[in-house]
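Number of protein chains: 4
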Amino acid sequence: MSQLIKAGLVGVTGYTGMELARLMTHHSSMELVRATSRSEAGKTLADIYPFLTRLPLGELVISQPDPADLAAECDVVFLAVPHKTAMEIAAELLDEGVKVVDLSADFRINDKATYEEWYATEHTKPEYLAEAVYGLPELYLDEIMGARLIANPGCYPTSAILGLTPALSAGLVSTENIVIDSKSGTSGAGRGAKVGTLFCEVHDSFKAYGLASHRHTPEIEQEISKVAGKDITVSFNTHLLPIDRGILSTMYTTLSGEHTVDDVLEVYTEFYADKPMVRVLPKGQLPETRYVRGTVFCDIGIVVDPRTNRLIVVSAIDNLCRGASGQALMNANLICGLDIDEGLPMAPMMP
Amino acid sequence: MSQLIKAGLVGVTGYTGMELARLMTHHSSMELVRATSRSEAGKTLADIYPFLTRLPLGELVISQPDPADLAAECDVVFLAVPHKTAMEIAAELLDEGVKVVDLSADFRINDKATYEEWYATEHTKPEYLAEAVYGLPELYLDEIMGARLIANPGCYPTSAILGLTPALSAGLVSTENIVIDSKSGTSGAGRGAKVGTLFCEVHDSFKAYGLASHRHTPEIEQEISKVAGKDITVSFNTHLLPIDRGILSTMYTTLSGEHTVDDVLEVYTEFYADKPMVRVLPKGQLPETRYVRGTVFCDIGIVVDPRTNRLIVVSAIDNLCRGASGQALMNANLICGLDIDEGLPMAPMMP
Amino acid sequence: MSQLIKAGLVGVTGYTGMELARLMTHHSSMELVRATSRSEAGKTLADIYPFLTRLPLGELVISQPDPADLAAECDVVFLAVPHKTAMEIAAELLDEGVKVVDLSADFRINDKATYEEWYATEHTKPEYLAEAVYGLPELYLDEIMGARLIANPGCYPTSAILGLTPALSAGLVSTENIVIDSKSGTSGAGRGAKVGTLFCEVHDSFKAYGLASHRHTPEIEQEISKVAGKDITVSFNTHLLPIDRGILSTMYTTLSGEHTVDDVLEVYTEFYADKPMVRVLPKGQLPETRYVRGTVFCDIGIVVDPRTNRLIVVSAIDNLCRGASGQALMNANLICGLDIDEGLPMAPMMP
Amino acid sequence: MSQLIKAGLVGVTGYTGMELARLMTHHSSMELVRATSRSEAGKTLADIYPFLTRLPLGELVISQPDPADLAAECDVVFLAVPHKTAMEIAAELLDEGVKVVDLSADFRINDKATYEEWYATEHTKPEYLAEAVYGLPELYLDEIMGARLIANPGCYPTSAILGLTPALSAGLVSTENIVIDSKSGTSGAGRGAKVGTLFCEVHDSFKAYGLASHRHTPEIEQEISKVAGKDITVSFNTHLLPIDRGILSTMYTTLSGEHTVDDVLEVYTEFYADKPMVRVLPKGQLPETRYVRGTVFCDIGIVVDPRTNRLIVVSAIDNLCRGASGQALMNANLICGLDIDEGLPMAPMMP
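Protein chains in written order, with the working numbering: chain A, 1 to 351; chain B, 1 to 351; chain C, 1 to 351; chain D, 1 to 351.
So that you can see chain A by itself, here it is in the shape it has in the complex:
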């Protein structure tokens, strides 16, 4: 049997860290050898996550985040820490020759000024921006396979970019007047103790937040502008769902000509024909977040509305899996020469 690839995880205490631990439990070619946390160092993973008891990973002792140690022990390191913190650690690890999959936003925005405007902080490692590859395999497969620094996409942008790309790429829709109405499960808000995400504040309710101001806006605009070959400004708006996992984005675009739903479906089906983790649904079917739960699938449904001359695209992903740790593992698999889907469950848990 060949040597296992050794992976490290910086920031194990959040939901994305938890999700990566879940996925690594079933990975047969990659092993998690380091998991770090400033507050929990010294405990085992099973100490903080009882659900890992009696599993091999449960015995892993959490360590302090030490780049030298990570570099000595790991082939690839996942960064599941807040933006700004991530850029510092990433730079140290890269300098030590370790591959990095950064789940934060720090290397997603190509333009330093745009990053600094939306994230309201200085980018202190701009020298790595050029080499960072945006880790959306359906768009950048070759680049990812040769990369050493992956900017793992945001959850909302993953759903939006995969949903809009075929239509923009084929010129089916106008680049003007695009509205993205997204709804996310609560795990996207993180595992910090806040009144606003207490059970009794979220359960049996629904709200809009961050309208016209979400930080994922420039990331979406950057990527779909590349696809369209011209600058696009979108109206991107977010809502909080009383579910654990899942993002569903409803995207409103204007048809550029008389395209039927069959025409559009053909374009989408063709575009994703050799990309098995995107599922273009048959005419008349629409995505549901449960159908992608726990997986890296992105489900896409298509509606053409002749009354308003619109193409409506609906996409659904699991925000923690495809929108974060699952996609990070796809990228890690690729930069380590493994099959893209190793360790990734493809059948969702239903119900």
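Incorrect hints may have been included.
Said to hold, decoys possible - Taking lysine-lysine and the BS3-like style, the derived pairs with C-alpha atoms no more than 27 Å apart in a straight line are: (1) B/LYS43 / D/LYS194; (2) B/LYS84 / D/LYS194; (3) A/LYS194 / C/LYS194; (4) D/LYS194 / B/LYS194; (5) A/LYS43 / D/LYS43; (6) A/LYS275 / D/LYS43; (7) D/LYS194 / C/LYS283; (8) B/LYS125 / B/LYS99; (9) C/LYS84 / C/LYS6; (10) A/LYS194 / C/LYS6; (11) C/LYS283 / B/LYS43; (12) C/LYS43 / B/LYS283.
Simulated from the structure, these hints should not be mistaken for laboratory data.
Everything numeric in this text was worked out from a predicted model, so none of it was measured.
Following the hints, complete the assembly by docking chains B, C and D onto the known chain A.
Structure of chains B, C and D alone, referenced to chain A:
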């Protein structure tokens, strides 16, 4: 003490019937004297709704829906039955001289052909269309007070029309390119036994349905076209939330000029100044369905996005209360000469 | 119109404070004139609770908790603060001649030593223990009407004591071997920001906690021992439900003789015949928390199991309403000479 | 590569069928070659389960349940059909030489008369009762490996028997006075269209049902009586949780002597030392259903209460996985000579 107004309810077994029973329990000027159901006649309300045990209404014996009996005993009758059935009963009751609040869609659409196209059925009582008053008190207060047939608005239309009216009325936004992205709690799907609304099919999930094809579309277009004074076509789209009650609509419009959020808020605040059941939220606040739970409030939040030249309006209502039985009771109060808010709880149940 | 009774609320920011604000909104004989919070003083209630916007109570300005001010302005004061804090404020208010309804545990346990053992703190106001009346109206109606200090019962004890009292009082069951298996909604855990009560930690899960060690144990034992006329030790155990509100307790007792379910139902029905806020369900029906949601009802279901010679009693209450603020309002009504149910909604919100 | 074992599934449209399809998707040594349904025959699995689109299993065409066809194509067949139907098919398949894992109750009860009393139907295939092996691997590993007919345990019994066995086996507790208070997620109620399991009837509520009368009672009594070596009668009672998956059973027993929690934990830990799918939690920890979600783990927590001389055992399983299809797959693996855990995810999906 003055005489109690006597009310009847045709169709007590659904969620709207249930909600009306709840509200009538606390009404001091109107009494429910008839509740009908073909399948449950002969039982008491407490037999089918154990939560009404030891309450006066719990002892009411459910009767067969007999127009003559209803006419003899009631001053006003609520129809909580499916469309098409409603128009037949309404006609009989009106002919007997009883006031009718119809919760179905049968008298909402002024134009017979439009109704028949969207509802795919013949309208057999078109002679009552002209006199039916659309029961949205913020728009038609005077007409309602003089009416004998109220077409109680649909749940989605209530949220959309209240949200868009001030902007359209003041000309703040274009009549083109309006997108309404609505999300509804599951009680809106009714109390019929269907696999699709089982707990395990809805819980912890979210989906789009009925995109660009929902029957509430012509109702919205009819009303906002009147407001704007010109024909408006909207893109209206619906989603299913894993909550019991609540509709939140996010509405995307294009500003007609350089209006700031303060300008828009002033228009909205002014418009609803003397209409206390609509709450225009302060700048920076957005509605949440829980804040209107169990009430007839419609909460409205305003966002102006200069990047895309858009006014985004978010409205929230309780689909069963403001979107159905609570609004029906507002209308019944008005046509019976009572205060609009009698029997209506105004403080939501939190959490 | 007669003078409104003036009430104060110390501690408005938790779920019990929120619930009291909801109930006071619809009270016609009592007015909330003071609401205090150390952290939120100076804001209006609508500032912190947007759902009170456009309601009279929303304009109330939150004040610092000042006993002298409360005494000057209020006839009765509700204490919705943690135990230990409550006893200090209660003493000051009583000394100023104000009636107090204390929602904390500070005056529930008659025996100082027992309190100090279970709550692990010194009781510094033991001189008020003797006069405090345990505010369970079904047991202590007369005492409550003459009291100036009410120890408002705990949520779990309310469900357990109401469920067990008729059987113990009539000697239908043994005082040995009683097991109380209780399950509570998450609002019982309070509104503090803790990881353990985040939406994603509670939703779609269920757990036991505090087995054989919950602080409500001595309160239950004290009251049912009085009922039975002998010391009772119970096994009381608690679980966390992914719902907002509601406690359901399943109580296992041993029959003292050959009692049929009809016999037992007769005893229960008789016992609660003149106590309309307890509903003994017909044979074959069992309580559901939704049927008491938002109300002060306690629903009780009875099962006799001849195979194991057991009487199983199931009771359901709303932990925030009957288990806290609603019961507090019942008590305040009583000590102020009002009808017990003023301001209290009796029809639950369904669904 | 060795030959794949061929499996059939009779009854693919319920939640247990759905769960088995999920698990088979990731099985590397067993292939689902037949899935039957009277109502859906002719469609593919992806037609009825969109979440299987683009997965190999999604292309499987559903067939009519034909024993001859199943016998010709399958090495082992899972029966996920109602009791009574199952016994007929099982007999036909066994006669054709196929191994059977029956998820119904038809072969769980050794005594024909007991079965007929609790299930209120005649057992028409009693000749197979003697050879059927109760498929709880922690108790019957050797028998299972040699069996051709597995009576797959019920969901509640699995949680109860695994929780009580070590204590009864070691004589730590009395065989008298055992109370089992169980709570189950709603998937246990099946996928039939019923008002009682609609989202709006279950969500945000909790209820008891089937007290002292659940059909799983004799199954529990049969198995723990064998363990204890004497007849045991239990009080077994069930409740409905507003969660998709999970059973948590709180079991109340009387200590037979002065056993500390450490003593008991040692007995439990020892008993399950070589049975890795049961996790005895450390002192002070209690199970949560989320920690076993989607897995075959049974988590067990231990509390000793000296005040009442009780041992309280809490166990948690996933009712669909360990309580049905996952355990069925464990059994199928064993009777086919595979490792017990093949195809089974061991890391739960969190959150």
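So, going through the hints one by one against the coordinates:
no.	hint	verdict
1	B/LYS43 / D/LYS194	holds, 21 Å
2	B/LYS84 / D/LYS194	holds, 25 Å
3	A/LYS194 / C/LYS194	holds, 7 Å
4	D/LYS194 / B/LYS194	holds, 7 Å
5	A/LYS43 / D/LYS43	violated, 51 Å
6	A/LYS275 / D/LYS43	holds, 25 Å
7	D/LYS194 / C/LYS283	holds, 23 Å
8	B/LYS125 / B/LYS99	holds, 16 Å
9	C/LYS84 / C/LYS6	holds, 25 Å
10	A/LYS194 / C/LYS6	violated, 34 Å
11	C/LYS283 / B/LYS43	holds, 17 Å
12	C/LYS43 / B/LYS283	holds, 17 Å
When each numbered hint is compared with the structure, violations occur for hints 5 and 10.
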